[in-house]
Amino acid sequence: MSNKHSSPNLNTASYLIDVEPVEKIISVLVLSLSLAFNDIRNTFTFTTILFCIMCFVYVSIPSIKFLIGRMYVIIPFILFSLFLPFLSKSGSIIYEYKNISIYQGGLFEMSNILLKSTAGVAMAVALSSTTSQFDIIKGLERLKFPKIFVSILSFALRYISVYISEFQRIRLSMKSRGFNNKGLSDSRSLAYAGSAMLIRGFERGEKVYSSMIARGFDGNLFINKKKWNKSKLLYFLCSVALITNIISLSL
Amino acid sequence: MKGGISINNLSFSYPDGTKALNNISFKVVEKERVAVLGPNGAGKTTMVMHLNGINDIQSGTVSIGNEKINTVNLKKIRKNVGIVFQDPDQQLFMPSVYEDVIFGPKNFGFTEEEIEKNSKEALVKVGMYDHKDKSPHHLSLGQKRKVAIATVIVSNPKIVIFDEPSSNLDPSSRRELIDIIKSLDSTVLLVTHDIPLALELCPRTIVLKEGSLLCDMATNEFLKNDLLMREARVELPFGFELHHEIHHIKNEDNDLLNHKHSD
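One line per chain: the protein sequences are A and B, in this order. Here the first sequence is numbered in our numbering, starting from 57 and rising by one per residue. Here the second sequence is numbered in our numbering, starting from 7 and rising by one per residue.
The set of hints was computed from the structure by calculation and includes no laboratory data. Mixed in with the good hints there might be a few duds.
In silico lysine to aspartate or glutamate, EDC-like type, Cα no more than 16 Å apart, as pairs [to be verified]: (1) B:Lys-112 / A:Glu-76; (2) A:Lys-282 / B:Asp-139; (3) A:Lys-282 / B:Glu-122; (4) B:Lys-33 / B:Glu-73.
Quick list of simulated restraints, FRET-style, between CB atoms [to be verified]: (5) A:Asp-242 / B:Asn-76: 51 to 57 Å; (6) A:Gly-161 / B:His-143: 19 to 25 Å; (7) A:Leu-240 / B:Leu-233: 22 to 28 Å; (8) A:Lys-286 / B:Gly-115: 47 to 53 Å; (9) A:Asp-242 / B:Glu-237: 15 to 21 Å; (10) B:Gly-115 / A:Lys-238: 56 to 62 Å; (11) A:Tyr-128 / B:His-143: 23 to 29 Å; (12) A:Tyr-128 / B:Glu-216: 54 to 60 Å.
Per the computed footprint, the stretches of chain B lying under chain A, defined by three or more beta-carbons under 8 Å from a beta-carbon of chain A, are [stated by the list, open to error]: (13) 65-76; (14) 181-187; (15) 228-241.
Quick reminder that beta carbons are idealized off the backbone N, C-alpha and C, glycines included.
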């Protein structure tokens with residue numbers, strides 16, 4: 057019994073959707089860190105790890121369009137990295153036109169940032185398209201994250217939509233009484249609305265806790281243990297990334 | 007554990023000194039349905055919180071079946087006394103309907119087979135089995151309230167307490183709620199401002215006012231007593247014909263009351 061296929065953002069066609077979330081979280085960490093600790097100039101190791109990441113992303117996402125549609129977050133990194141060949145004055149000059157020079161070191165740094173940020177975000181998209189938010193939190197619990205931290209994350213996720221709806225209702229009631237949020241004096245009203253939300257949040261927290269102890273709560277929030285599959289592919293990809301790293305370090 | 011309730015001289019004050027309950031005493035026999043009426047701030051919810059051990063007993067005693075509530079038997083008491091809270095968002099805090107429903111039985115130590123069987127039965131009973139994998143936030147208020155009921159009846163409690171169960175419900179959801187409550191084989195305590203609901207479901211009514219017990223009598227007798235109703239700040243909905251309603255439910259009430267007396 058599970059809710060793992062209920063979210064519309066999940067790629068139900070991927071076989072990774074039935075894989076233990078802990079394995080996916082660990083794989084993302086291993087592959088990301090392996091890439092982060094390597095440099096593009098270490099070509100063999102870097103491209104091997106990048107290939108492992110591409111495999112992980114490929115089996116997770118339904119289409120390239122799906123991936124691109126969720127990668128807007130890297131746009132600032134791309135914009136920033138595009139200036140690096142001109143600004144980072146390391147290495148030799150490989151091209152010069154009037155007063156503008158392109159440096160080799162800057163080009164490497166640009167490629168590094170571009171590839172690493174793209175790979176990192178793609179992995180995050182891959183993880184979130186095969187694992188629901190709550191399953192990621194449950195995975196963190198299994199990784200022995202503090203229970204209180206996991207509970208807070210879970211409640212935040214469960215109640216964020218409740219608070220957004222509540223704040224929208226407050227905004228609506230403000231608008232219906234002529235509030236139009238134009239200028240500093242109006243932000244005072246918004247601040248009052250925000251503080252009212254905080255007080256309500258505190259009260260709701262107390263009520264939720266009452267209802268939890270009314271049903272015998274004793275500190276364990278996630279008690280529904282689902283049955284997950286193991287993934288040989290993830291073990292393989294992580295092993296390749298780690299072994300390549302070790303070889304690279306020993307050379 | 008049996009499903010009777012016995013409250014003796016219960017008093018309670020909040021930390022700021024506000025006296026919420028003042029020497030309340032009454033008894034409810036097993037499988038009886040009793041309405042708890044009273045104006046806002048009368049102490050209805052505060053009293054209800056004592057029945058499940060959420061509020062500590064400061065003065066007086068509260069017994070469920072033959073057991074007085076104390077710190078040792080709290081888990082047993084909570085297993086046998088379920089509360090359906092007024093706001094379903096307060097009750098449904100897990101990622102999915104199913105996980106919310108099994109939260110109580112898991113804590114109370116039910117076996118995996120019992121949990122599977124009870125959760126299915128509870129969700130089918132409230133008509134929400136097809137929604138078991140959904141997030142509670144994506145349900146309508148009526149559906150949330152049904153799930154909230156399932157989270158309580160899944161543990162087969164001897165006593166089910168409803169706090170304002172019909173508030174904000176549309177007529178058809180309200181009717182479904184009434185049918186669910188009628189189908190319960192438990193003692194029911196119904197805290198409400200919905201007089202027709204109390205009249206339809208509960209032959210007996212307890213009225214609280216300013217933390218004290220104002221009266222404890224048959225619901226139809228209370229609703230015929232204008233003076234008492236005014237004192238309790240309770241009134242019938244506009245256009246509500248009490249005599250007709252009583253006529254309709256009279257036989258059911260009599261059956262229920264006769265059953266209690268024969269016990």
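Structure-based check of each hint:
no.: 1; hint: B:Lys-112 / A:Glu-76; in the structure: 22 Å, violated
no.: 2; hint: A:Lys-282 / B:Asp-139; in the structure: 13 Å, holds
no.: 3; hint: A:Lys-282 / B:Glu-122; in the structure: 13 Å, holds
no.: 4; hint: B:Lys-33 / B:Glu-73; in the structure: 14 Å, holds
no.: 5; hint: A:Asp-242 / B:Asn-76: 51 to 57 Å; in the structure: 55 Å, holds
no.: 6; hint: A:Gly-161 / B:His-143: 19 to 25 Å; in the structure: 51 Å, violated
no.: 7; hint: A:Leu-240 / B:Leu-233: 22 to 28 Å; in the structure: 57 Å, violated
no.: 8; hint: A:Lys-286 / B:Gly-115: 47 to 53 Å; in the structure: 30 Å, violated
no.: 9; hint: A:Asp-242 / B:Glu-237: 15 to 21 Å; in the structure: 47 Å, violated
no.: 10; hint: B:Gly-115 / A:Lys-238: 56 to 62 Å; in the structure: 59 Å, holds
no.: 11; hint: A:Tyr-128 / B:His-143: 23 to 29 Å; in the structure: 26 Å, holds
no.: 12; hint: A:Tyr-128 / B:Glu-216: 54 to 60 Å; in the structure: 59 Å, holds
no.: 13; hint: 65-76; in the structure: violated (count 0)
no.: 14; hint: 181-187; in the structure: violated (count 0)
no.: 15; hint: 228-241; in the structure: violated (count 0)
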